[in-house]
Amino acid sequence: MDAIKVSGLSFSYDGKKDVLSDVAFSIPKGCYTTIIGHNGSGKSTIAKLLIGLMSPKQGSIEILGQSLNEESVYKLRDHVGIVFQNPDNQFIGSTVADDIAFGLENHCVPQEQMQDIIEDVAGRVGMLDFLNSEPTKLSGGQKQRVAIAGILAIEPEIIIFDESTSMLDPQGKASINEQIQKLHSEKDRTILSITHDMEEVAQSEYVIVLKDGHVVLTGTPMEIFAHEKELASMMLDIPFALKVSKELTKEKITNQEVCTLEEVVNQLCQLKSTI
Amino acid sequence: MVMNNIALGRYMPLDSVIHHLDPRAKIMVLLFLMIAVFIPAGAVGYVVIAAFIVVALFLSKLQISYALRAMKPMIWMMIFLLVINTLVIKTGTPWIQWGWFSVYSDAIYQTLYIVVRLMFMIILTTILTATTKPLDLTLGIEKLLKPFEKIGLPAHIIAMMISIALRFIPTLIEETQRIMNAQASRGVDFENGGLKEKIFSILSLIVPLFVSSFDRAEQLANAMEARGYDPNRQRTRYKVLKMKTKDIFGMAMSVVILGVCLGIWIL
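Respectively, the protein sequence lines represent chains L and Z.
Counting with our numbering, you get residues 1 to 275 for the letters of the first sequence.
Counting with our numbering, you get residues 276 to 542 for the letters of the second sequence.
Be aware that one or more of the hints could be misleading.
As the list claims (entries may be wrong) - Cross-link-like lysine to aspartate or glutamate pairs, in silico, EDC-like; alpha carbons within 16 Å at most:
#1 Z/514 with Z/411
#2 L/75 with Z/493
#3 L/243 with L/262
#4 L/246 with L/228
#5 L/137 with Z/505
#6 L/137 with Z/449
#7 L/211 with L/188
#8 L/187 with L/155
#9 L/5 with L/62
#10 L/187 with L/157
#11 L/48 with L/62
#12 L/29 with L/188
#13 Z/514 with L/62
#14 L/48 with Z/500
#15 L/173 with L/188
#16 L/173 with L/134
#17 Z/514 with L/112
#18 Z/408 with L/163
#19 Z/514 with L/223
#20 L/48 with Z/411
#21 L/29 with L/155
#22 L/243 with L/212
#23 L/211 with L/230
#24 L/75 with Z/411
#25 L/137 with L/157
#26 L/75 with L/88
#27 L/243 with L/199
#28 L/75 with L/62
#29 Z/517 with L/62
For the record, the hints were derived by calculation from the structure and aren't laboratory data.
The task is simple: from the sequences and hints, build the whole structure.
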């Protein structure tokens, strides 16, 4: 069964110009998928449609085998969590603990269980020492980690990241990407990340490329990065690690192109040991 | 910089008996005493209330200067009252008589009367807001309004609105500062200039602030909805309030004071 299945999806804000037209893709359960595309390609619109904040003009969305509509939306939100772009505008509580509790309150979790859940999820994102901190005292990366904790508290099967790292500094970005990796490997959790960050794309298992509201490419990161010219025409660059790897294979130092820094380092280390 | 201007009504994180009282009890005490202040019980009534306030202020560990600072904006109000009263009230014994200008005793007494009432009210509210976290205050208000839900008052929605407003005050102050800096770097002068320039510079602050606030509001609403918030559905609560003996005692004291004032007035 697919975690998310979208078919023939069209959407328009003003009724004239389609932001999305005839978009179709499916994401298997437990898969870490990224969606990339230039500004205005309709990436964030997909996130809003998947969580049911807007309804599509045409087409259907199936989440965990259930069709998403007016009646099922509240029930399906128990299974889907989303982390938005702006760290400040999704922090609802006055303190970290209150913010994590917000989702629990909405899902009618009994009061006696809340403290344990809050401490557990705050620990998992490394924010246990900040439970009583106010949002103004936290960095953007810390706020996004709280947002992840708030979603983890509900234990959804699917977590969507809507450009969650685009407003963060490199440090915050790295810490969130690390969290995403952890979330994915921990359980059979489906992750859908909408992003600009090509390093993150390299980490994922499946990539969907959007252009002007159409799906133009799908495949594994290496398959996508093979279309370097097409990506460049959409203002998307291949990751730095892959560029290095390409040069290395060109110089016949290594024999296989890879796209993550980790893999490049691995290759080079093995190289050293054979000399 | 902006932060310093809103010292009035700010929470002071101290550790005192008053801080640990139930917010519902504190709100009820404030309510009872406010009524007591407005009962014309003469000097005796005011002495009783003043004694209670002094004890509460002492127990709250707040500095006297903090309470006095809260009254600073009142000075102009007092002067205004004094001027109006001396011009209008012409009863009692005349104290000063210069040609057409005269000051009568009743005018002074009347002014003092109002000023003392206002001072009591301001100190009482200052003690409440300085010893209670905004969120606890909201929770207290929500619980106290709960009985009115039966007649259609949406207590939990009001509480949610207040707590979100409180949550975003520091964020909006930060934003204001940022826009001011951005506009100043583009040559807008917020400090000098005549009325026309002032209005223009304020506009250059207000318009972007409003635009970004609406944007924020939409994103916040989306985030709340995505996290399963529905105002019409049942929710559980993370924070619970518990009344203790000292809360009951505090409320009993304020009821006694209210009773004394009522007694003096009626008898």
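Against the structure, the hints:
{"no.": "1", "hint": "Z/514 with Z/411", "result": "holds (9 Å)"}
{"no.": "2", "hint": "L/75 with Z/493", "result": "violated (23 Å)"}
{"no.": "3", "hint": "L/243 with L/262", "result": "holds (14 Å)"}
{"no.": "4", "hint": "L/246 with L/228", "result": "holds (12 Å)"}
{"no.": "5", "hint": "L/137 with Z/505", "result": "violated (29 Å)"}
{"no.": "6", "hint": "L/137 with Z/449", "result": "holds (12 Å)"}
{"no.": "7", "hint": "L/211 with L/188", "result": "violated (30 Å)"}
{"no.": "8", "hint": "L/187 with L/155", "result": "holds (10 Å)"}
{"no.": "9", "hint": "L/5 with L/62", "result": "holds (5 Å)"}
{"no.": "10", "hint": "L/187 with L/157", "result": "holds (9 Å)"}
{"no.": "11", "hint": "L/48 with L/62", "result": "holds (14 Å)"}
{"no.": "12", "hint": "L/29 with L/188", "result": "holds (7 Å)"}
{"no.": "13", "hint": "Z/514 with L/62", "result": "violated (37 Å)"}
{"no.": "14", "hint": "L/48 with Z/500", "result": "holds (11 Å)"}
{"no.": "15", "hint": "L/173 with L/188", "result": "violated (23 Å)"}
{"no.": "16", "hint": "L/173 with L/134", "result": "violated (21 Å)"}
{"no.": "17", "hint": "Z/514 with L/112", "result": "holds (10 Å)"}
{"no.": "18", "hint": "Z/408 with L/163", "result": "violated (34 Å)"}
{"no.": "19", "hint": "Z/514 with L/223", "result": "violated (51 Å)"}
{"no.": "20", "hint": "L/48 with Z/411", "result": "violated (34 Å)"}
{"no.": "21", "hint": "L/29 with L/155", "result": "holds (15 Å)"}
{"no.": "22", "hint": "L/243 with L/212", "result": "violated (27 Å)"}
{"no.": "23", "hint": "L/211 with L/230", "result": "holds (11 Å)"}
{"no.": "24", "hint": "L/75 with Z/411", "result": "violated (31 Å)"}
{"no.": "25", "hint": "L/137 with L/157", "result": "violated (31 Å)"}
{"no.": "26", "hint": "L/75 with L/88", "result": "violated (27 Å)"}
{"no.": "27", "hint": "L/243 with L/199", "result": "holds (12 Å)"}
{"no.": "28", "hint": "L/75 with L/62", "result": "holds (13 Å)"}
{"no.": "29", "hint": "Z/517 with L/62", "result": "violated (45 Å)"}
The structure fails hints 2, 5, 7, 13, 15, 16, 18, 19, 20, 22, 24, 25, 26 and 29 (numbered hints given earlier, in ascending order).
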